[in-house]
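Chemist: Since chain G is already given, all that's left is putting chain P on it; use the hints.
Protein chains: 2
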Amino acid sequence: MARWLVILAGGRGERFWPLSRMMHPKQFLTLMGEHSMIRSTRDRVRPLIDPEHTFVVTGADYVNKVKANLPDVPPSHILGEPLGRNTAPSIAWAAARIQQLDPLATMLVLPSDHMIQQEHAFRQLVAKAMQTCENQGGFYTFGIVPTHAETGYGYIEPGGLPSPEGVRTVRRFIEKPPLEVAEAMMLAGQHLWNSGMFVFGVNELMESVARYLPDLFRGLVALMAEPEQLDVIFPELPQVSIDHGIMERAERVFVLPAEIGWDDVGTFAALARHLPRNDEQNAAKGHAIFVESQNVTAISEGPVVSFIGVQDLLVVATRDAVLILSPERSQDVRKVVQALKEAQHDHLL
Amino acid sequence: MARWLVILAGGRGERFWPLSRMMHPKQFLTLMGEHSMIRSTRDRVRPLIDPEHTFVVTGADYVNKVKANLPDVPPSHILGEPLGRNTAPSIAWAAARIQQLDPLATMLVLPSDHMIQQEHAFRQLVAKAMQTCENQGGFYTFGIVPTHAETGYGYIEPGGLPSPEGVRTVRRFIEKPPLEVAEAMMLAGQHLWNSGMFVFGVNELMESVARYLPDLFRGLVALMAEPEQLDVIFPELPQVSIDHGIMERAERVFVLPAEIGWDDVGTFAALARHLPRNDEQNAAKGHAIFVESQNVTAISEGPVVSFIGVQDLLVVATRDAVLILSPERSQDVRKVVQALKEAQHDHLL
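Line order of the protein sequences matches chains G and P. Residues in the first sequence are numbered from 514 upward in steps of one, following the numbering used here. Residues in the second sequence are numbered from 514 upward in steps of one, following the numbering used here.
So that you can see chain G by itself, here it is in the shape it has in the complex:
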């Protein structure tokens, strides 16, 4: 009855172009701190979970990159999906593999590309969730206490009263809301952001998969029997998220409110918010020179980036591509990626 970690690392990260590329998506970037996002994700829970008790689910193209980033993880625990089918198949595949090794396992599921500043508080919360799960079963989510009316995340509405440990039941999951709804929830002060991090027992998860997603369950049974048929079986699995497929339907779903300095760092603007600024509100990751400029962020993988007499810009520079945008437009990076695709500049993608 051990603890296992499952890291979800399937993202393609187009919002971080040109830092991220098709063959080098966000989870492999060193956006914060000294290590790649995926390595930081693994290191963050190292005191709680043995590195050998880690599974990573990623795109088939990224298996070697995961190996290079996480050399402590047994290569057979790195699962390469022939294509993305959303989170339920990814998590259930890892769960099926863990179940073979350790039928009484408790699983921690983490996205590979989130930032958590308060790592000690985070570990305490994870330990509490795993302990509670081991004692009484159930599905556990981590609900981030919101700092603003964000429309880019799903929300969790807690119900009932907190347990002595601060664990609450989940009344319902709420999809990414329109701004008015987000503002109303922020005002009410009850709702939490759905961080996409989970804890559950591997058997309870597989039972729920069998009950709520029987097609997925059958597919996984086939895959466990004939792993060499991955490229045939996997694309036929139902494309569904763990939230929709399991969490919204399961009976004993709990949430732990979390104040842990969490950010999914979904855009360059989010990354820019975490960089230290000088007196003129300029910030740099990499080598930059600011001459009479204000509120400028430079993120460089190599080139020195110099500014003269400009304001309110976000610049990302690599040796073969430079992106210059208004900070509030960082959701639109995909438009450039799309233009490059249409112009068939595949070497830049």
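Treat the hints with caution; some may be incorrect.
All copies of an identical chain are treated as equivalent in the list; a pair is satisfied when it fits inside any one copy or across any two copies.
Stated by the list, open to error - Derived DSS-like pairs: lysine-lysine, alpha-carbon spacing no greater than 25 Å straight-line:
#, residue 1, residue 2
1, Lys854, Lys798
2, Lys854, Lys641
3, Lys689, Lys848
4, Lys848, Lys641
5, Lys580, Lys689
6, Lys854, Lys580
7, Lys854, Lys578
8, Lys578, Lys798
No lab work stands behind these hints, which were simulated from the structure alone.
Modeler: What follows is chain P alone, placed relative to chain G:
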């Protein structure tokens, strides 16, 4: 009694960093058209002057670059200055060498890094100046008919009435003026920009050097006698421009008004003015992608430069340095070069 061309190619071109570098200044850049500025300068007068009748005065560090750019020019005609002593020593050194080969030569002196759009009109004007010089001697300048109140150029005030060929005497040279003076001259409509291009007989020039700049003359006599003493003699030559040292003092100085699409392309903003623009006033030299952006200029030596939701920018990109500036600040590029020098990032200079 042949015609000779002297190209002045000593500039270090810091205003074009990061395209220009200490070892690759502006005259070797392909800013307009298909060839380097220096090659275009030479090609422009090819119908008038035999390539073998060309001297180039440049920095000692740039001799090999000049050879590569101008393979038709005899290597012995490429004069490498151990350091810059302004234009009078450069021109007089070339004149002394030409005088040895062809005492009756007429010299055309051209900066190596100017743009001239109307090449046919330019050649007609040069031919007229050289013809007139051969017939009656004197010093000839080319006075650009101003298009705006520019404070970055010296001016020429013509005197007397034009000759039948349109040649005028020079009443006086005017240093780079303050804006009010430039505006007044523009309004009066008589003054011309001093383009730094000249025609004169080699003997008449050397006589004037002997009369007005006797130290320079003595230095050149010593240099002609002992060319191997270049590194000792050259740094001792007086540092003076041909305008101050000779033109402002000589007796028979003429100007040919020139409407030839001339631009010294002194800044990135000047270069940007000559690029074609799209409907949103964006322009690119190199690969650029514009998403909902206006009045943006991209100049790239390689990286694709992408813009999202920005306005009024000038961007210059190379593989190891990116410069982002407000278009009206392109005179300040040196501030970045200075900052890099102070930080001892010599590999970027």
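Chemist: When the hints from earlier in the document are held up against this structure, which numbers fail?
Modeler: Failing hints, ascending: 2, 4, 5 and 6.
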